[in-house]
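**Q** Given next are the chains, with one letter for each unit.
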Amino acid sequence: MNPINFLGRLGRTVLTALAALGRLSLFAFSTFTHMLRPPFYPREFFSSLLNIGWLSLPVVGLTAVFTGGALALQIYSGGARFNAESVVPQIVAIGIVRELGPVLVGLMIAARVTSSIAAEIATMKVTEQIDALVTLSTHPMKYLVAPRVAAALITVPLLVAVGDIIGIAGGYVVATENLGFNAAAYIKNTVDFLELNDVVSSLVKGCAFGGIAATMGCYYGMQSGRGAQGVGAATKSSVEAAAILILAANFVLTGMFFSL
Amino acid sequence: MIRMQNVHKSFGDNRVLRGIDLHIAKGSSMVIIGGSGTGKSVALKSVLGLIKPDSGTILVDGKPADSGDRDAFLARFGMLFQGGALFDSLPVWQNVAFRLLRGTLKRPVDEAREIAIEKLRRVGLKADVADLLPAELSGGMQKRVGLARAIAAEPEIIFFDEPTTGLDPIMAGVINDLIREIVVEMGATAMTITHDMSSVRAIADNVAMLHDGVIQWTGPVADMDASGDPYLDQFIHGRAEGPIEAVR
Ligand SMILES: Nc1ncnc2c1ncn2[C@@H]1O[C@H](COP(=O)(O)OP(=O)(O)OP(=O)(O)O)[C@@H](O)[C@H]1O
Ligand SMILES: [Mg+2]
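From first to last, the protein sequence lines stand for chains Y and F. As numbered in the numbering used here, residues 873 to 1132 make up the first sequence, in order. As numbered in the numbering used here, residues 14 to 261 make up the second sequence, in order.
No wet-lab data here; the hints were simulated from the structure. Idealized CB from N, CA, C, for every residue including glycine. Treat the hints loosely; a few may be bogus.
[To be verified] In silico BS3-like cross-links for lysine-lysine, where the CA-CA straight-line distance does not exceed 27 Å:
hint, chain 1, residue 1, chain 2, residue 2
1, F, K139, F, K119
2, Y, K1014, F, K119
3, F, K139, Y, K1014
[Unchecked claim] Not the full set, but computed from the structure, chain Y residues with beta-carbon under 7 Å of chain F:
hint, residue
4, A1004
5, T1007
6, L1008
7, N1061
8, D1064
9, E1067
10, N1069
The task is simple: from the sequences and hints, build the whole structure.
**A** In C-alpha cells form, the structure reads like this:
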C-alpha cells in the first residue's frame, strides 16, 4: 500500500476515534449534570435499581461462585509445583477482591445491563418514543439516562461486594471440601490477609464499571440508527465498548491503587 | 400563529424540504396533503424542533420556534405521531396522562387517571383498555391512544400525523368529528396530515399540498375542487395519470 494512503487512513481512524471519545465525554458530562439538577424521576430510578441491581444478583452469584472455586483449584495445583499449596486462601482472597470480582461483575453487567439498556433506548428512538418524550416536555437525558446511570453507580459496587463474598465462599467450599483445608483456619487466613485498600479498590472499580456499563448502553441507544438494524448495531457496539472500557479502566485503576 | 418561511431540510443527498412557506392562523385547522415521502412528517417535526431545518425560519406567535424557554414552548403543543409512539413500558392510561403525572402540569394521580379515561372515551375507547399495555392493543387502538395522549393536556396547538390511517370508516368519522370539535369548541390550532380525502373535507379550514419539497397549492378547503392546479386535481381524484409521477 502507498505509504501516504496508509498514513491518511491511520489519521482518519485516529480522528474518528478521537471524535467518538469527545462525543462520549460530552455525553457522560451531560448525564452527570442532569443527574444533579431537577426534575428527578424517582419511579424510573427505583425500577432501574431493581433491574440493574436486584435482578442481576443470580448471574453475579453464579459467576462468582464458579470462579472462586476454579481459582482455589488452580492455585492449589499450581502452588504444589513449588510447595506453596497453603497460600490458597490468601491468593483466592486477593484474586477475587482486587481483580476477578470487579472485572467479572463488570463484564456480566455489560452483557446483561448494557445490552438491555441499549436495545430498549434504541427501540424507543426508532419508534419515535424519544421524540414523543420531548414533545411531552420530558428531557430524555433526565428521564431515561440519568436514572439508569445513577442506579448503576449505586448498585454495581454492591453487586461487586456480593460477588467478592460469594467468590471467596466458592474458594472456601472447594478448599475445605476437596483440598483438605481447615475451615476455621481458611477464614482466619482470608480475613487477616485482606487489607482495607483491597476492599476499597474493589468497590471503587465496581462504581466505575457500573457507570461505564450504563453510560455506554444509554449512549449507543440514543445514537441508534433507523430500523431493526440500527437497534442491533447499537446493542452490539454498546456491549463491545462497555467491555473494552471496563477492562481498560480496570488496568488504570489497578495502577492507581497498587503501584505506589 | 405558525409561520414557516423558506424552510429547507436535506438528509444527505435527499433534499426533502426545498423552501416551504406556510401560514396557519390561530384557531384554524390546516390539513397538509401530499404524496408519500414528500416530507409532511418532516415539516411537522421541524416546527416542534425535533428535526432541525438546514435553513429558513419558523415562527410561532411571531417568535422563532428555537428561541426562548423550550419547556414552555413545548407545553403549548400536543402531537400525535404517525406510528403512535406510545411508551411500551407504561400502561395505556399512564401514556395518556403522561404530562399530567409529571412536570409543570402535574396533578394528583386519581385525577390524572380520570382525565385519561375521559380522553380515551372521546377517542372511542372503553375504560377497560386503561390498564392494558400498548402492545396488547390493535394498531388502530394504539393510534387512538396516541390521539388521546396528544389532547390530554388540552394544548393550544395540536399536530396530528395521519390520525385516521388504519381506522375503520366509522371510527375515522368519530376522529374527524373530534378534531373538528377541538378546533371549534376549544379554539385550538390544528395541523393535520392525512391521505384520506373525506377527512380533509371534514376537518380542514385550509389545505396545503406538499409536492417536490414546496407547497404546491394552498387555500381554503372550499376552493380545493376548483383550483385548476393539475397536481392538486390529480391528487384529490386519485388518478394514476397526471403531472405527478407514480414512481417516486
Ligand atoms: N430521520 C431521518 N433521517 C433520514 N431521512 C429521513 C428522516 N426522516 C425522514 N427522512 C426522509 O425524508 C423523506 C420524507 O419523509 P416523511 O416521513 O416526512 O414523509 P411523509 O411525507 O410524512 O410520508 P408518509 O405520507 O408516507 O408518511 C423520506 O424520503 C424519508 O426517507
Ligand atoms: Mg409521514
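**Q** Could you run down the list of hints and mark each one as holding or not?
**A** Comparing the hints with the structure gives:
no.	hint	in the structure
1	F:K139 / F:K119	holds, 24 Å
2	Y:K1014 / F:K119	holds, 17 Å
3	F:K139 / Y:K1014	violated, 33 Å
4	A1004	holds, 4 Å
5	T1007	holds, 5 Å
6	L1008	holds, 5 Å
7	N1061	violated, 48 Å
8	D1064	violated, 49 Å
9	E1067	violated, 44 Å
10	N1069	violated, 42 Å
Of the numbered hints stated above, those contradicted by the structure are hints 3, 7, 8, 9 and 10, listed in ascending order.
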